[in-house]
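S.K.: Chains as they are written, first to last, in our numbering: chain B, -18 to 151; chain V, 1426 to 1873.
Hints were generated in silico from the structure; no laboratory data involved. Watch out, some of these pointers could steer you wrong.
[Unchecked claim] Covered stretches of chain V, as calculated for chain B (at least 3 residues, CB under 8 Å):
#1 1454 to 1462
#2 1475 to 1488
#3 1552 to 1562
[What the hints assert, rightly or not] Below, a sample of chain V positions facing chain B; criterion: calculated Cβ distance under 8 Å:
#4 Ile1444
#5 Cys1448
#6 Arg1491
#7 Val1493
#8 Met1535
#9 Ser1536
#10 Val1538
#11 Ala1578
#12 Ala1582
#13 Cys1584
Note that this is a predicted model, so its numbers are computed, not measured. Every residue, glycine too, gets a C-beta built ideally from N, C-alpha and C.
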Amino acid sequence: MPEDSRSARGALIDAEHAAFLATAGVSISVGACNAERLPSVTRAIGCRVADDRSRVTVFVVVAQSREVLDDLRANSRIAVAFSEPHTHRTVQLKGEDAVAEALIDGDLRHIERYRDAFTAELGALGYSPLFTRTLLDCSGGEVVAVSFTPAAAFSQTPGPKAGTPLGDLR
Amino acid sequence: MSQRLDAIRDCLEGVVPAIMATCSADGTPNVAYLSQTEYVDGQHVALSYQFFNTTRRNILENPNARLVVTHPHTAERYRLQLRYLRTETAGPLFERMKAKLAGIASHTGMSGVFRLLGSDVYRVFDVERVPGVALAPSPPPRANLLAALRATATRLASCRDLDALFNETLACLESQFDVRHAMLLLLDGSGSHLYTIASRGYAQSGVGSEIPLGQGVIGVAAREATPIRIGYMTLEYTYGRAIRAAAAANGLAAALETEIPLPGLAESASQLAVPIRAAGRLLGVLYVESTQNLRFGYDDEDALVALGGQLGAAMLALQGADAGEDIPAPEPAAGCADSAPVVVRHYAADDSVFLDDDYLIKGVAGSIFWALVRDHVETGRNTFSNRELRLDSRIRLPDLSDNLEARLILLRRRLNERGACVRLDKAGRGRLQLTATRPLTLVEVGPS
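With the hints as constraints, model all of the structure from the sequences given.
M.R.: The structure is reproduced here in structure tokens:
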């Protein structure tokens, strides 16, 4: 079995999925919940996946994500859904060790690349570039990187295979 | 609540998918994209339940949910705090969502995948604007709906008979609401189907065409007595197709063609059917459509529901009312004895009437016509009163609530459209005058 096909050092996601998460024009949503089991949710404005695919990082605007960041600080449990509008292909990752960190070198480029990809994706569906840029705008606001180790990964594409762990789809 | 739910209804049209977060009993979060959200009232939304998935499992364990909805033009986002209350699997809300979902599914290439299992109703506890920039709202493309409704109400209030009321309603939809394709259908006294009494914006008026309750956007709106609104073309609710399928199932493709084709746009994208109700019962359906996607929004629906209410009240008030002033009876057309006779054929089984080989009408309107021409041929009478027709045992009005005046309007319009050799004209104060320009030969088919 080639090294690439399943996982690098136990990572749940393969190279194809990693590319889908980090470079496709996917809508990225982040969920968490507090001790009272009240969920919180925010939109992410980009993603990076570690070279060994063991760690996934999403970028969020702090002012839009206060509850999510509070909840992650309290219990580190995270859910992130990546959905490609024109195909409905959707992947959900879950993690139990999420932490919010400062951006590192190269993250702003990830954010810009994501904005271009999502603008192109929504453009094909009839949305103006201005609309998508407004949706993803982070000018002037603080952005943080939320990183976690995917502990579970599911396909969430609508249909009979929704909910299937990614590994079982192969 | 920092924002009113009814102020952000445009975000609940399902144009930009909503994002929903839930949490299991053991505290594991989950995020899902929702293709459909529905405004229920100022405190409630309904979300489509299509698959038994993690979201579903979670809300049954823990009813708390968070929803992010996005305005399709300004990109403004709102975060709603929700609590799951119940699931509806039938009735008006379910049917509204089912129809709308069919449009969304076909628009997004998910026909056959998206299927509504239930409408999950949630109480909304908070609506929060997500901080961030927004685009300026686009200027309204059309007239202010309240102003349009007011102008229409004024004009409808001055109508003195049903004929004028129907015409004025459709004329106002065009002049005030910029709605160019509309039809008005009335519920048959039997309650099993609707018949088209007036239309505007179609090559053929389709007056007299019928649609069974429960078929297509119009039939479902009537059966559930609720507005049905679709923003994208979907074959599932294309009424022409639904009708043809129903007709085929009933084996109606018999020897005689007695179907009047329903008017309607072949490429209809947006459809809105609102029930016309008054005195606690359904009178009919007002239907509008457009080739443009998402032409009708929540506000259009509100305006037309209000218009439907006024139309219903006016219909009840004018039903049986005289036209007020005496209209001088038109002079009977002179000498027709030398023209060739036309054969008027009546089939007792369904009261269908043919003039030579041309289908005219069936049902109650057919039995009215047959009674009129029989009296005309047998006794030479030309004028008739609505009152005597209502009491005439030969005319099988399905029940007392059946609107005789509407049947006469239907009959008159069919005769005029066909350029028939028989005309029915108003002759003042609840009377009508029959004029035949050719001699009539009557043929009764089947038991009378």
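S.K.: Hints first: check each against the structure and report whether it holds.
M.R.: Right, here's what the structure says about each hint:
1. 1454 to 1462: It holds: at least three residues are needed, and the segment 1454 to 1462 of chain V offers 6 whose Cβ sits within less than 8 Å of chain B.
2. 1475 to 1488: With 5 residues close enough to chain B, the hint holds.
3. 1552 to 1562: holds (count 6)
4. Ile1444: With a closest approach of 4 Å, the Ile1444 of chain V hint holds.
5. Cys1448: holds (4 Å)
6. Arg1491: holds (5 Å)
7. Val1493: Where the cut-off is 8 Å and the nearest Cβ of chain B is about 6 Å from Val1493 of chain V, the hint holds.
8. Met1535: The hint holds - Met1535 of chain V has a Cβ within 8 Å of chain B, the shortest such distance being about 7 Å.
9. Ser1536: violated (12 Å)
10. Val1538: This interface hint holds because 5 Å falls under the 8 Å limit.
11. Ala1578: Status violated, d = 36 Å.
12. Ala1582: Because about 42 Å separates Ala1582 of chain V from the closest Cβ in chain B, which is outside the 8 Å limit, the hint is violated.
13. Cys1584: This hint is violated: Cys1584 of chain V lies away from chain B, its Cβ roughly 42 Å from the closest one there, beyond 8 Å.
Going down the numbered hints, you'll see the structure goes against 9, 11, 12 and 13, while the others check out.
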